[in-house]
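Visitor: Letter by letter, the chains look like this.
Number of protein chains: 2
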Amino acid sequence: MKKSIAIDMDGVIADIEPHLIEWYQKETGIITAKETIRGLNEHEAFSNKGAILKILNSPSFFRTVPVMDKAVETVKALMEEYEIFIVSAAMEFPLSLFEKKEWLSEHFPFISWKNIIFCGDKSIIDTDFMIDDYCKNLDFCKGKPLMFTAYHNVHLNHHQRIDHWNEVPELLKQLSSKHETAF
Amino acid sequence: MKKSIAIDMDGVIADIEPHLIEWYQKETGIITAKETIRGLNEHEAFSNKGAILKILNSPSFFRTVPVMDKAVETVKALMEEYEIFIVSAAMEFPLSLFEKKEWLSEHFPFISWKNIIFCGDKSIIDTDFMIDDYCKNLDFCKGKPLMFTAYHNVHLNHHQRIDHWNEVPELLKQLSSKHETAF
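Chain order of the listed sequences is A and B. For the first sequence, this note's numbering begins at 1 and goes up steadily by one. For the second sequence, this note's numbering begins at 1001 and goes up steadily by one.
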């Protein structure tokens, strides 16, 4: 049986950071430099909460997020050896549900609707690996947590880190072999 | 720690059968008697596939499904002792995603967005109990499967059956006590 991987959307296969910076500037006039928000949490990085809520509830925001570099080709290749599930905490913003599904159909058409999960809390998701940028998801996951680097997690070091999709195939290979007996 | 229950929507907390019969009649003119479809699968019960697809993709179909008898008050009461997750295979019909979320907000406003999961395949959902009307979900679930009676499952007997929400609290109590050591 193939090992399973739960892969997050925003910050993992969807490059939300530059997109949010761009929309935040349009909304507030504030220019946010990537290097100045490293290590800050969401509220510190984008302190105008009203603007952020407006953006996250805006039609087309989630539909137009750019794809993370090399995510498409890497996920496609991984599907030969792993069962891939896209698991996104989309439930907080109901308007995003349809747009996220449309976004996946455009950029990841090879992923079946059967393998897409939109949820709130990810604690009941049981896969062998979870690739996510938030510790609130990784800390409670049932499989091996893998933290995809994002501005808000650069100072955290209690999970195996991934800086780029190029690293993923080899890392999974090593971990699968190392943890063979654990699965 | 509270035991967790994954509860399906259509056919479990949403009374989809009479709703579908009504819409199918409006679409095709065919009158379907409840007793004539007992034991049939979906395709046998509603043989005009085109009409069914049109209905399932129609705006307002999922938004207007009636609530299953006693589902609201029973689920609300169960939340005192169990962690409740609503798990619906909504991904096949993307237009339903927003409507299903709205439906839940109207009828089950006490369930947090954190406890709602819209998915395809439910095999990666890990809860102590799963209440569902389809064996395709129950057969592979990780916890104790409980089959909610629907026209299409009356001839199946390999899972513990529930005929009405009134039975659920006592049944869960018995099972929790019986399987105490298994959890």
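Hints are computed from structural coordinates only; laboratory data are not their basis. Note that the structure is a prediction, hence the values are computed from the model and not measured. One or more hints might be untrue.
Pair ranges (Cβ atoms, derived) [stated by the list, open to error]: (1) B:Pro1109 x A:Ser60: 26 to 34 Å; (2) A:Glu35 x B:Glu1167: 36 to 44 Å; (3) B:Lys1026 x A:Glu167: 51 to 59 Å.
From the three backbone atoms N, C-alpha and C, an ideal C-beta is built for every residue, glycine too.
Visitor: Now, for every hint given, state plainly whether the structure supports it.
Guide: The hints, checked one at a time:
1. B:Pro1109 x A:Ser60: 26 to 34 Å: This hint holds: roughly 28 Å between Cβ atoms.
2. A:Glu35 x B:Glu1167: 36 to 44 Å: The hint (36 to 44 Å, Cβ to Cβ) is violated, given that glutamate 35 of chain A and glutamate 1167 of chain B are roughly 60 Å apart.
3. B:Lys1026 x A:Glu167: 51 to 59 Å: holds, 55 Å
Of the numbered hints listed earlier, the single one contradicted by the structure is hint 2.
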